[in-house]
Amino acid sequence: MSVKNFILVCGGTACESSKANEIYDAIVKETKAQNVMDDVQVVKTGCFGFCEKGPIVKILPEDAFYVNVKAGDAREIIAETIVKGRVIPRLLYAEEGLPKAFEMEDIQFYQKQVRVVLRNCGFIDPEKIDEYIARDGYKALEKVLFEMTPDQVIQEMKDSGLRGRGGAGFPTWAKWNFSKQVQSDQKYIVCNADEGDPGAYMDRSTLEGDPHSVLEAMTIAGYAVGANTGIIYIRAEYPLAIQRLQIAMDQARDYGLLGENILGSDFSFDIEIRLGAGAFVCGEETALLCSIEGQRGMPTPKPPFPAIQGLWDKPTVINNVETWANVPVIILKGGKWFSSIGTERSSGTKVFALTGQINNSGLVEVPMGTTLREIVFDIGGGIRNGKAFKAVQTGGPSGWVITSEFLDIPIDFDSLTSIGSMMGSGGMIVMSETDCIVDVTKFYMDFCVEESCGKCAPCRIGTKKLYNILNRISKGQGVMEDIAKMEQIGEAMKKAALCGLGQTAANPVLSTLRYFRNEYLEHIAEGKCRAGKCKELVRYVINPDKCIGCTACARKCPVNCIAGERKVAHTINNNLCIKCGACFTGCKFGAITRL
Amino acid sequence: MAKMTLEDLRKLRETKKSDLERRSLEGKDIEIIIGMGTCGIAAGAKVSLEAFLSAIDAAGLKNVTVKQTGCMGLCYVEPTAEIRVPGMPDTIYGKVDADTAREIVETHLVKKKLVENHIFDRPAADVIRN
Ligand SMILES: Cc1cc2nc3c(=O)[nH]c(=O)nc-3n(C[C@H](O)[C@H](O)[C@H](O)COP(=O)(O)O)c2cc1C
Ligand code: SF4
Ligand code: SF4
Numbered sequence: 001m002s003v004k005n006f007i008l009v010c011g012g013t014a015c016e017s018s019k020a021n022e023i024y025d026a027i028v029k030e031t032k033a034q035n036v037m038d039d040v041q042v043v044k045t046g047c048f049g050f051c052e053k054g055p056i057v058k059i060l061p062e063d064a065f066y067v068n069v070k071a072g073d074a075r076e077i078i079a080e081t082i083v084k085g086r087v088i089p090r091l092l093y094a095e096e097g098l099p100k101a102f103e104m105e106d107i108q109f110y111q112k113q114v115r116v117v118l119r120n121c122g123f124i125d126p127e128k129i130d131e132y133i134a135r136d137g138y139k140a141l142e143k144v145l146f147e148m149t150p151d152q153v154i155q156e157m158k159d160s161g162l163r164g165r166g167g168a169g170f171p172t173w174a175k176w177n178f179s180k181q182v183q184s185d186q187k188y189i190v191c192n193a194d195e196g197d198p199g200a201y202m203d204r205s206t207l208e209g210d211p212h213s214v215l216e217a218m219t220i221a222g223y224a225v226g227a228n229t230g231i232i233y234i235r236a237e238y239p240l241a242i243q244r245l246q247i248a249m250d251q252a253r254d255y256g257l258l259g260e261n262i263l264g265s266d267f268s269f270d271i272e273i274r275l276g277a278g279a280f281v282c283g284e285e286t287a288l289l290c291s292i293e294g295q296r297g298m299p300t301p302k303p304p305f306p307a308i309q310g311l312w313d314k315p316t317v318i319n320n321v322e323t324w325a326n327v328p329v330i331i332l333k334g335g336k337w338f339s340s341i342g343t344e345r346s347s348g349t350k351v352f353a354l355t356g357q358i359n360n361s362g363l364v365e366v367p368m369g370t371t372l373r374e375i376v377f378d379i380g381g382g383i384r385n386g387k388a389f390k391a392v393q394t395g396g397p398s399g400w401v402i403t404s405e406f407l408d409i410p411i412d413f414d415s416l417t418s419i420g421s422m423m424g425s426g427g428m429i430v431m432s433e434t435d436c437i438v439d440v441t442k443f444y445m446d447f448c449v450e451e452s453c454g455k456c457a458p459c460r461i462g463t464k465k466l467y468n469i470l471n472r473i474s475k476g477q478g479v480m481e482d483i484a485k486m487e488q489i490g491e492a493m494k495k496a497a498l499c500g501l502g503q504t505a506a507n508p509v510l511s512t513l514r515y516f517r518n519e520y521l522e523h524i525a526e527g528k529c530r531a532g533k534c535k536e537l538v539r540y541v542i543n544p545d546k547c548i549g550c551t552a553c554a555r556k557c558p559v560n561c562i563a564g565e566r567k568v569a570h571t572i573n574n575n576l577c578i579k580c581g582a583c584f585t586g587c588k589f590g591a592i593t594r595l
Numbered sequence: 001m002a003k004m005t006l007e008d009l010r011k012l013r014e015t016k017k018s019d020l021e022r023r024s025l026e027g028k029d030i031e032i033i034i035g036m037g038t039c040g041i042a043a044g045a046k047v048s049l050e051a052f053l054s055a056i057d058a059a060g061l062k063n064v065t066v067k068q069t070g071c072m073g074l075c076y077v078e079p080t081a082e083i084r085v086p087g088m089p090d091t092i093y094g095k096v097d098a099d100t101a102r103e104i105v106e107t108h109l110v111k112k113k114l115v116e117n118h119i120f121d122r123p124a125a126d127v128i129r130n
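Which chain is which? The protein sequence lines are A and B, in order.
The first sequence begins at 1 in the working numbering and counts up by one.
The second sequence begins at 1 in the working numbering and counts up by one.
Please keep in mind that the hints were generated in silico from the structure rather than gathered at the bench.
Check the hints yourself; a few may be wrong.
[Stated by the list, open to error] Derived DSSO-like pairs: lysine-lysine, alpha-carbon spacing no greater than 27 Å straight-line:
| id | chain 1 | residue 1 | chain 2 | residue 2 |
| --- | --- | --- | --- | --- |
| 1 | A | Lys139 | B | Lys67 |
| 2 | B | Lys16 | A | Lys139 |
| 3 | B | Lys62 | A | Lys70 |
| 4 | B | Lys17 | A | Lys19 |
| 5 | A | Lys139 | B | Lys46 |
| 6 | A | Lys128 | B | Lys113 |
| 7 | A | Lys475 | A | Lys455 |
| 8 | B | Lys16 | B | Lys95 |
| 9 | A | Lys29 | B | Lys3 |
| 10 | B | Lys46 | B | Lys3 |
| 11 | A | Lys143 | B | Lys3 |
| 12 | A | Lys44 | B | Lys112 |
| 13 | B | Lys67 | A | Lys128 |
| 14 | B | Lys62 | A | Lys4 |
| 15 | A | Lys533 | A | Lys579 |
| 16 | B | Lys112 | A | Lys84 |
| 17 | B | Lys95 | A | Lys53 |
[To be verified] Here are some chain B residues pointing at chain A (derived, C-beta under 10 Å):
| id | residue |
| --- | --- |
| 18 | Lys3 |
| 19 | Met36 |
| 20 | Lys62 |
| 21 | Asn63 |
| 22 | Val64 |
| 23 | Gln68 |
| 24 | Gly70 |
| 25 | Cys71 |
| 26 | Cys75 |
| 27 | Arg102 |
| 28 | Glu103 |
| 29 | Glu106 |
| 30 | Val110 |
| 31 | Arg122 |
[Unchecked claim] Now the stretches of chain B that chain A is said to cover, found in silico as 3 or more residues with beta-carbon under 8 Å:
| id | segment |
| --- | --- |
| 32 | 43 to 57 |
| 33 | 95 to 101 |
From the three backbone atoms N, C-alpha and C, an ideal C-beta is built for every residue, glycine too.
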């Protein structure tokens with residue numbers, strides 16, 4: 001006999017601790033008691049996120065999603081949902097303020113993510129154009145070429161409210177419109193796939209999973225502004241994305257979706273790929289254009305803006321990969337549909353690469369206006385190893401830390417700006433109490449020192465000065481004046497640097513000085529690093545009253561600096577200790593203290 | 001293929017769509033769709049792919065198609081694979097190493113039961129179909 005229903009019991013570690021095993025056993029018992037054990041398979045799953053609402057039980061094929069389930073609910077779940085095929089409204093997940101009564105088909109409502117940009121990732125084979133076409137691919141291009149004027153296309157983009165996803169959030173339609181207005185024999189459409197911030201890989205995944213959406217979007221923009229040439233600028237470190245783009249372009253050309261007289265219309269458009277060498281500054285649009293022109297990738301002052309006078313002085317629309325991936329859906333479903341997602345001034349969704357001290361790291365795409373709490377705790381499954389949340393760093397080396405007091409602000413362009421932060425491109429690094437603020441900030445500053453192109457002094461010298469100060473503080477050699485000095489340098493860089501890199505490079509310093517000043521002061525005044533990350537400040541000592549002499553630490557120590565006889569208190573030779581912490585995590589008797 | 005006209009493209013789209021529908025109606029074929037983004041491959045998706053292929057061979061299954069797709073976003077449990085078996089709910093498995101791949105073939109494809117501890121969830125509803 002074949003199984004009719006599957007009962008999935010979430011078995012992620014967070015739920016395990018909140019009694020998922022008990023529920024599993026109770027459900028199995030009930031299937032026997034009510035004599036349905038041959039029709040049902042009860043299965044433990046991986047973590048579904050949503051751990052705050054756990055344990056979760058999901059029933060297939062009905063797709064009933066039950067939250068906060070208790071062992072005592074097992075009888076009713078089997079009797080109602082399995083035997084009678086009815087949902088139990090009281091157990092369904094309900095968005096606050098929404099009624100709990102869902103019809104069966106609305107049950108999917110529990111999902112906090114909305115996938116517009118990543119709509120095809122995980123659905124289609126990116127190397128098969130037919131699969132893209134079967135999911136309404138190139139239908140937007142069809143519509144544009146045969147049913148819309150360029151002005152209508154731009155109007156649709158305006159209605160959508162789409163703002164650039166590369167960081168600055170500039171309205172996409174306005175850029176296109178600037179370029180359209182300029183009279184020129186040649187115009188360019190550029191895709192910025194440089195993606196250089198540490199921890200960010202949204203654009204790479206989009207290109208690897210759905211390359212045609214970007215090709216289709218660029219062609220649509222070409223039609224709207226009157227351009228026949230597109231260029232994708234992508235870093236050479238993304239070989240798989242490059243390969244898939246190349247395959248996609250060949251297939252599109254083969255089908256007549258790129259090239260002369262697309263689909264028999266009188267519009268022609270083709271795209272080429274340019275490889276970047278992976279300098280962070282080349283993601284800045286003016287530097288990127290210099291690099292395409294074969295010059296050294298250095299920013300140039302704006303104005304002139306690229307939309308008016310860009311590549312080889314011709315009008316150039318440059319948009320980010322994620323911005324592009326939104327375009328075909330906007331044309332297909334309409335700007336109004338798109339603007340109904342998200343918040344009033346930030347429509348649509350945003351993709352984040354969630355990394356760091358988080359249980360469920362990965363790519364998430366949420367409607368604008370979702371709170372950080374929902375991203376970190378509902379989707380991300382909370383902080384690893386049950387540690388306390390400390391902060392989230394958005395926007396990488398240009399970014400700003402967001403602390404727990406702001407966990408409930410909606411993530412959109414304006415709310416983030418209002419708390420002094422920024423959307424950034426979508427890297428989201430989660431920090432816990434195990435991270436040291438000085439250490440993390442030093443990491444970003446090191447990155448900026450490396451990546452500053454050196455063209456202007458405020459950035460070239462400022463980043464280095466800041467790094468040196470941070471380095472001293474992390475070694476316990478900081479002085480009180482350092483705090484004011486860093487703020488002064490940071491503010492000067494903001495005002496005087498030429499491009500976004502230098503203008504924002506001090507952000508991690510300035511924001512952590514604002515929210516975690518105490519940690520800096522501890523490093524400077526007390527020579528203390530509470531997270532134990534600044535090695536020069538850490539010392540491990542064994543408490544002779546607690547040590548039972550089990551020798552575990554001595555065997556773990558990689559430099560053999562722990563001495564002691566069996567069953568006698570051990571000691572650490574701090575002159576040899578390399579502060580790896582292996583003994584600290586290894587002692588089962590809590591005998592080792594970190595000072 | 002020669003360059004298409006508007007009509008050709010529309011026709012192709014309809015054919016491909018009805019192919020998909022027929023698959024779910026007639027429900028003959030089993031599909032294994034493996035996440036092959038950089039993250040999936042780095043986590044060992046190619047090894048899992050090999051394991052799937054040899055397990056399918058060993059089980060003597062003739063009606064299985066193995067395909068690749070991009071990253072589903074579940075990077076913490078890569079490699080991932082979606083299994084579509086007619087008459088069973090489409091299922092997403094994570095942490096699919098070679099052993100798990102073999103277990104999926106034996107349990108899910110042959111015995112029509114789900115494999116413990118590896119089931120995850122598609123992170124969002126499909127905006128294209130809805
Ligand atoms: C230092 C620096 C690095 C940047 N890196 C990127 C990048 O990797 N990808 C990107 O799309 N935009 C990047 N930008 C933003 C671009 O200059 C530009 O605003 C963006 O490509 C415009 O596209 P959008 O309107 O679609 O966001 C960077 C900016 C700066 C200042
Ligand atoms: S701010 Fe930095 S990266 Fe930008 S132009 Fe000046 S030196 Fe170069
Ligand atoms: S592991 Fe702990 S108890 Fe054992 S010898 Fe080291 S300090 Fe003592």
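task: Tell me, in ascending order, the numbers of any earlier hints that this structure violates.
output: Violated hints: 3, 4, 5, 6, 7, 8, 9, 10, 20, 21, 22, 27, 28, 29, 30, 32 and 33; rest satisfied.
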